[in-house]
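Q: Throughout the sequence shown, residue numbering follows this note's numbering, covering 1 to 322 in sequence.
Honestly, the hints are just simulated from the structure, not real lab data.
Ideal placement from N, C-alpha and C gives every residue a C-beta, glycine not left out.
Hints should not be assumed to be uniformly reliable.
[To be verified] So the derived label-pair ranges between C-beta atoms look like this:
no., residue 1, residue 2, range
1, Ile-158, Phe-56, 34 to 44 Å
2, Lys-42, Ile-232, 43 to 53 Å
3, Tyr-250, Leu-57, 23 to 33 Å
4, Ala-237, Lys-42, 43 to 53 Å
5, Met-233, Asn-271, 24 to 34 Å
6, Leu-57, Leu-113, 11 to 21 Å
7, Met-1, Leu-113, 38 to 48 Å
8, Ile-232, Ser-270, 41 to 51 Å
[What the hints assert, rightly or not] Here are the simulated BS3-like pairs of lysine-lysine, each with C-alpha atoms no more than 30 Å apart in a straight line:
no., residue 1, residue 2
9, Lys-174, Lys-230
10, Lys-229, Lys-73
11, Lys-229, Lys-174
12, Lys-174, Lys-73
13, Lys-230, Lys-73
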Amino acid sequence: MSIRGIIIDSLSYPFSNWMRFLFLGIIVLISFSQYTFLYLVKINFLLFICLDIIGFLFVGSFARGYLFKIINKSLTGINELPGFNDWINIFIDGIKVLIVNIIYLFPFILIILSLLSSGTDLRIILTSLPDLNLDLLYVGFTHFIPVIIAFLYLILIIPVILMSIANMAYNDGKLSEAFKFGEIFVNVSKLSWDGITWYGLAFYGEVPIIIGFFIFDEILERIYSVGWKKLIMWYFATGIIALILIFGGYFVANITSNLILNGLELFSLSNYNILRILILSLVLLPYLFIFLSRSTALIYNSAIKSYWGSESYTSNYKLQQE
Numbered sequence: 001m002s003i004r005g006i007i008i009d010s011l012s013y014p015f016s017n018w019m020r021f022l023f024l025g026i027i028v029l030i031s032f033s034q035y036t037f038l039y040l041v042k043i044n045f046l047l048f049i050c051l052d053i054i055g056f057l058f059v060g061s062f063a064r065g066y067l068f069k070i071i072n073k074s075l076t077g078i079n080e081l082p083g084f085n086d087w088i089n090i091f092i093d094g095i096k097v098l099i100v101n102i103i104y105l106f107p108f109i110l111i112i113l114s115l116l117s118s119g120t121d122l123r124i125i126l127t128s129l130p131d132l133n134l135d136l137l138y139v140g141f142t143h144f145i146p147v148i149i150a151f152l153y154l155i156l157i158i159p160v161i162l163m164s165i166a167n168m169a170y171n172d173g174k175l176s177e178a179f180k181f182g183e184i185f186v187n188v189s190k191l192s193w194d195g196i197t198w199y200g201l202a203f204y205g206e207v208p209i210i211i212g213f214f215i216f217d218e219i220l221e222r223i224y225s226v227g228w229k230k231l232i233m234w235y236f237a238t239g240i241i242a243l244i245l246i247f248g249g250y251f252v253a254n255i256t257s258n259l260i261l262n263g264l265e266l267f268s269l270s271n272y273n274i275l276r277i278l279i280l281s282l283v284l285l286p287y288l289f290i291f292l293s294r295s296t297a298l299i300y301n302s303a304i305k306s307y308w309g310s311e312s313y314t315s316n317y318k319l320q321q322e
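Based on the provided sequences and hints, a complete structural model is requested.
A: Here it is in structure tokens:
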């Protein structure tokens, strides 16, 4: 399937079943309900954190599991949003998806947490520029470099995460299929660094390279089957569409909330924020998540078809039969 075909199909796919679409929206809304409570009642910080954890880990796992199910069913050729049956497996799959994300995003999380724990404020750079304070500028710049590295890593690792989750879905939800370690321990054992230089490179330079060893074997084989050019084009096109949906949807949610509340003469800041959260949770976020899940499944499926038709797969299959 062409990139254009994947995008068009993925944009229309969320409308294949309105009831299931809205049901996912309700799950997403519940997972973000703590933010609605902020505008309804006064809650202390500890209660908010507890609700946040419950919403993200527990309720959010059902949403992640359902999106995983979308990928799984799309890979089998089903062109309609799947049902919400088998809640236990949906929840378990959601936990697996969370684990995959945490492991692949660990370098990004580590760098951000290390910067936050050190009290880094990127505004140091701005305050040091007018007076040409080289000391402050140096401090700010040395903190800014890890941030750039972290976000570059994030941009590069997102398609890997998506392909890993799709690979897991293709292999009946086996968590190990999202991590093809290959010869990682052999490769790591060959590395030799000295003192502080090793520490700096390991956390800010070599972590993305080391993580790269994790995705050899099947996942990279699938990417090669798609073709790097097609994968990059798909990632760019899907990312642009996602950004348009986010900013466009946010703008529409703001305008719609204003129009509805002003029309009913019920406008207040709290009502405005509550209605905006409702619209974003029930419509925008479910649509965006479904679009990304469907698009991931279709690009991965094109890799499967290319791989199955390749000479390498045919020869490997014959060897296995012998």
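Q: A separate judgement is required for each hint: does it hold in the structure or not?
A: Results of checking the hints against the structure:
1. Ile-158 - Phe-56: 34 to 44 Å: violated (19 Å)
2. Lys-42 - Ile-232: 43 to 53 Å: holds (49 Å)
3. Tyr-250 - Leu-57: 23 to 33 Å: holds (26 Å)
4. Ala-237 - Lys-42: 43 to 53 Å: Holds, since Ala-237 and Lys-42 (Cβ atoms, about 45 Å apart) stay within the stated range.
5. Met-233 - Asn-271: 24 to 34 Å: Hint violated: Cβ distance 43 Å, outside 24 to 34 Å.
6. Leu-57 - Leu-113: 11 to 21 Å: holds (18 Å)
7. Met-1 - Leu-113: 38 to 48 Å: holds (40 Å)
8. Ile-232 - Ser-270: 41 to 51 Å: Cβ of Ile-232 to Cβ of Ser-270: about 44 Å, so the range 41 to 51 Å holds.
9. Lys-174 - Lys-230: holds (27 Å)
10. Lys-229 - Lys-73: holds (26 Å)
11. Lys-229 - Lys-174: It holds: about 28 Å lies between the C-alpha atoms, which stays within 30 Å.
12. Lys-174 - Lys-73: holds (15 Å)
13. Lys-230 - Lys-73: holds (23 Å)
Comparing the model with each numbered hint stated earlier shows that hints 1, 5 do not hold.
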